[in-house]
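*Asks:* Sequence order for the protein chains is Y and F.
Numbering-wise (the UniProt record's numbering), the first sequence opens with residue 1 and increments by one.
Numbering-wise (the UniProt record's numbering), the second sequence opens with residue 1 and increments by one.
These are calculated hints, taken from the structure and not from any lab test.
One or more of the hints may lead you astray.
Stated by the list, open to error - As a list, the in silico DSSO-like pairs of lysine-lysine whose alpha-carbon atoms are at most 30 angstroms apart:
hint : chain 1 : residue 1 : chain 2 : residue 2
1    : Y       : 290       : Y       : 140
2    : Y       : 296       : F       : 72
3    : Y       : 172       : Y       : 154
4    : F       : 282       : Y       : 290
5    : F       : 90        : Y       : 140
6    : Y       : 97        : F       : 282
7    : F       : 90        : F       : 72
8    : Y       : 154       : F       : 112
9    : F       : 72        : Y       : 295
10   : F       : 112       : Y       : 296
11   : Y       : 126       : Y       : 290
12   : Y       : 290       : F       : 203
13   : Y       : 126       : F       : 72
14   : F       : 90        : Y       : 296
15   : Y       : 290       : F       : 90
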Amino acid sequence: MRWRAGETDSRTDTTFLLFSGCVYGNECDVVASKCEHSSVLLKGLQSSMMSEGSSFMKGMILGGIFCLVMAFFETFNSGTHSEGREHLHHHLKPVSKDELQKLSESQMSDWTLQVRVYCLIMVTPKLLVHWATANDTWSKHCDKSVFYTSESSKALEAIDLQEQDEWARLRKAIKHAYENAGDLRWFFVARPTTYAIIENLKYLVLDKDPSQPFYIGHTEKSGELDYVEYDSGIVLSYEAMRRLIEIFKDEDRCPERGHALWKTPEEKQLATCLKYTGVFAENGEDAQGKGLFNKKSVSSLISDSMGQNPADVVEACCSDMAITFGGMSPSQIQVLMYGVYRLRPYGHDFHDSLTFLPPNDSDND
Amino acid sequence: IVTMKAGNSRCAFSLGFLVGSCTLYVFLRQVWFEKSFSWKLDGKSNPAPLGPEQTTPDLTWKVEGSALINLKHPHQPGEDSHIADELFEKVRILCWVMTGPSNLQSKARHVKATWSRHCNVVLFMSSEEDRSFPTVGLDTGEGRDQLYWKTIRAFHYALKNHGDEADWFLKTDDDTFVVVDNLRWVLSNYTAEQPIYFGKRFKPYAKQGYMSGGAGYVLSKEALRRFVEGFSTKVCTHTTSVEDLAMGQCLEKMGVVAGDSRDTLQRETFHPFIPEHHLTGKFSKTFWYWNYCFYPIVEGPQCCSDLAVSFHYVDPELMYTLEYYTYRLRPYGYRHRYQPPVPAVLPLASHTGKPTTEAQRLDERVNEKSVPTNTMNPRAEKVKTTGTSHKVTNAAQGRNITDRSTA
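Just chain Y, with the same shape it has in the complex (with noise of 0.2 angstroms):
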C-alpha cells in the first residue's frame, strides 16, 4: 500500500503529512518497512502532537474556567467579608434632610430630648491656659460638662482623679461619667486643646439609638486596630459606655496597668478593649463624605487647602457641619466661637428641624 503525502489512511485514520510510504507488497519491503517505522513513527509523533494539541487546547479552556470559577468564588467570599469588614470600618453620617422632614413633631421633641451630651474632659494643670478656654467656651454648650484632672488646680474647678497615668485616668473619668450620667445618653469625651461644635454632634447622632452600641470620631487603623483619635474626639453612646465599665472588670483582656515596657496611647486601649465587647470604631463624615473630626486647626486645614486646591479652597477644605478642631491657640478659639456662632451674612436661613438654645452664662455665642 503506498500513501502520498496529504493522504488518510482509513484504517488507522491517520494522515501523512511529510512523506508518502508504502507498507504491504514486496517491492515495498524493505522500503516499506522503513518508511512504515518511520512513517509509523511520524505518525505517531503527529498524532501525539495533535492529540497534544487539541488536550493542550482543551486544557488551556479548562484551566481558564477553573481559574474565572475560583475567582468569583473568592470574590463573593471576600465580598460579604469585606462587607463584613466595611460594616465595622462604618462611615456614619447624619440623618438627611429628607428623612427629618418626614418626621412627626412630637418624634422630633423626643429626639431633642434623646439627643443629650455629657462631655468629659480630661485636663492637666500643665494645660491650665486649655483648660480655661475650653470652661469659657464651647463646654458651656454641652448638656453637662464635667472636668477631670490629674491634680487639682487653685484656679478651676474640677473632679482630680488624683492619677498621673492617662488610662487609669480615663477609665476613672467613664466609670464616673457612667454612674452620674443622669438620663443624658451620649458622651463625649475630649482634651481641652480640642475645640468642638456641640450641635453638629447632636446633628450626627440624632437619628441613632443610644441603647445600641457607638464609638464615633475620626478613625485611624493600627495594624489590624481601627480606633479613634484622641486629639479630634471621642463619642461614645450610652451602650458603649456600659460595655466598657463592664470589660473594665476584665484585668486580663483589658487591663488598668499594662505590663508591658512600652505604654499603648490609651486611644488604642480604649479600642481594644471596646473591640473585646463587640464595639468598633466608625468614622464620623457628611453626606459629602467629608471628616467632621478634624485634629488640625482651622488655619492649618485652609492652608493646606489653599496648596492643594487653589481653585476651590473653602469648598475642599473643611465641612460646613465640622464638629471638632484641634490645636488652636485660646484667642484662635475666640475667633471660632464668633465665626461659628455668631458672624453670618444677613438673609440666608436655614430652617433646620431641631432647635438648640444658646447657653445661660455666656456673653461669646
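Starting from the known structure of chain Y, arrange chain F on it as the hints suggest.
*Replies:* Leaving out everything else, chain F in the frame of chain Y:
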C-alpha cells in the same frame, strides 16, 4: 507508543490547564486590582464626587471691559436665601478694590475668589490696566502718596461707567474682607438719593468725622455725585495724600452726612483690624485708636456685631477662613442670640414663614415635657415668634443682652 501517546496527551492537558489558569489569573488580577484600588481612593478622606444637588458655587460673572458683573447671587445648597436675594436686587452695590500690579496675584486674586463674588459689580483699581485679571488702569503711580489720586479717579470712573448699575459705591483695600450681605442690611434703611456715607467712623480733623480707609467705606449714589461735582467745581481738590481724611473733608464740604453704621445694639460693623484683635486684644491706653474712634470702644466679644461688614489687614489665609466662618461653617439648629430686625424695604410677606411657627410649636411641645436642661432656655418662653413681631423678638433679645451686660 500508544502509552506514550496517552501520557503525552495527559501531560499536554495538564500543561494547557496550567497555562490557561495562570494567564486568566494574571488577567483577572489586573482588573480586580484596579477596581479595589479605585475603591480605596474613593473611600479615603477625599470627598465623593459632587452630586447634582451640590455643585461648586456658581461663578456667574459677566466680564464687561474691566468690570466683573455678578449675574447671580452665590448660593449654598440647602439654604433659603430669598431674603438675601431680594436685597441683592434692591440694594445694588458696586465694590471697587484698591490694588496694584504687584498685588494682583498675592492679594487681589483672593478677594476675587471670596467676598467680591457677592457684590453686584466689582472693579479692581490699579495704576495700570490689566485685561486678563481684569483691572482698570487709573494712570497714576503706586504707593501711599498716590492713594488719594487713585481714589479720586476710581470714583470718577465708577460713576461715569457704572453709575446706572448700582445704588451704593464701596471702596476697600485688597486686604479688606467684606460681608456684602450684611452691608446690604445696614444700607437697606436708607436710599441712594440720600447724600450719606458709611464706614468705621473716626473723629479727629473733621467736624462730623470721617471713615477709615482700610476698613472700607460706602457712598450713596447722591454722595458720589456730589463728590464728583466737588471736583468739577474745584470745591474739592487733592489736598493731601491721606485718602480717607481727604475724602471725609471733601464730602463734608459737599453736604454729605457721615452715617452711623452700628447695629441695633450699637455694636460696630466696620472694623479697622482683624477679628482676633477686636475680640481678644487689649488696646494699650496710649494706642492712637482710643483717640480716633468716634463711638466708644468696646473690647471683648461685644466689640463686633454679629452682622459685621468689614475687617482690615486680612491676609489671604484669613480671607478664606473668614469666608468659611461666614458662609459655610455653622452650628446646626442654633437659635442666634441676636435676631436682627427685618429691613423696611422688604415686603412683609418675606418674613412670615414656616420656620417661626415650627420653632414656636417645638418650644410649646418641649415646655409641655418641662425638662430643665441646657437645650431648653426657659427665657425663650417669653419670646413669642409670630409673623409680625420680629421687632418684639428683637426687643426681648435686646433686653436679655442688656441685662447680662449690666451684671
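*Asks:* Decide, hint by hint, whether the structure agrees.
*Replies:* Here's how the hints hold up against the structure:
no.	hint	verdict
1	290/Y - 140/Y	holds (26 angstroms)
2	296/Y - 72/F	violated (34 angstroms)
3	172/Y - 154/Y	holds (22 angstroms)
4	282/F - 290/Y	violated (37 angstroms)
5	90/F - 140/Y	violated (40 angstroms)
6	97/Y - 282/F	violated (43 angstroms)
7	90/F - 72/F	holds (14 angstroms)
8	154/Y - 112/F	violated (51 angstroms)
9	72/F - 295/Y	violated (36 angstroms)
10	112/F - 296/Y	holds (27 angstroms)
11	126/Y - 290/Y	violated (33 angstroms)
12	290/Y - 203/F	violated (48 angstroms)
13	126/Y - 72/F	violated (52 angstroms)
14	90/F - 296/Y	violated (41 angstroms)
15	290/Y - 90/F	violated (37 angstroms)
Consistency note: the structure conflicts with the earlier hints numbered 2, 4, 5, 6, 8, 9, 11, 12, 13, 14 and 15.
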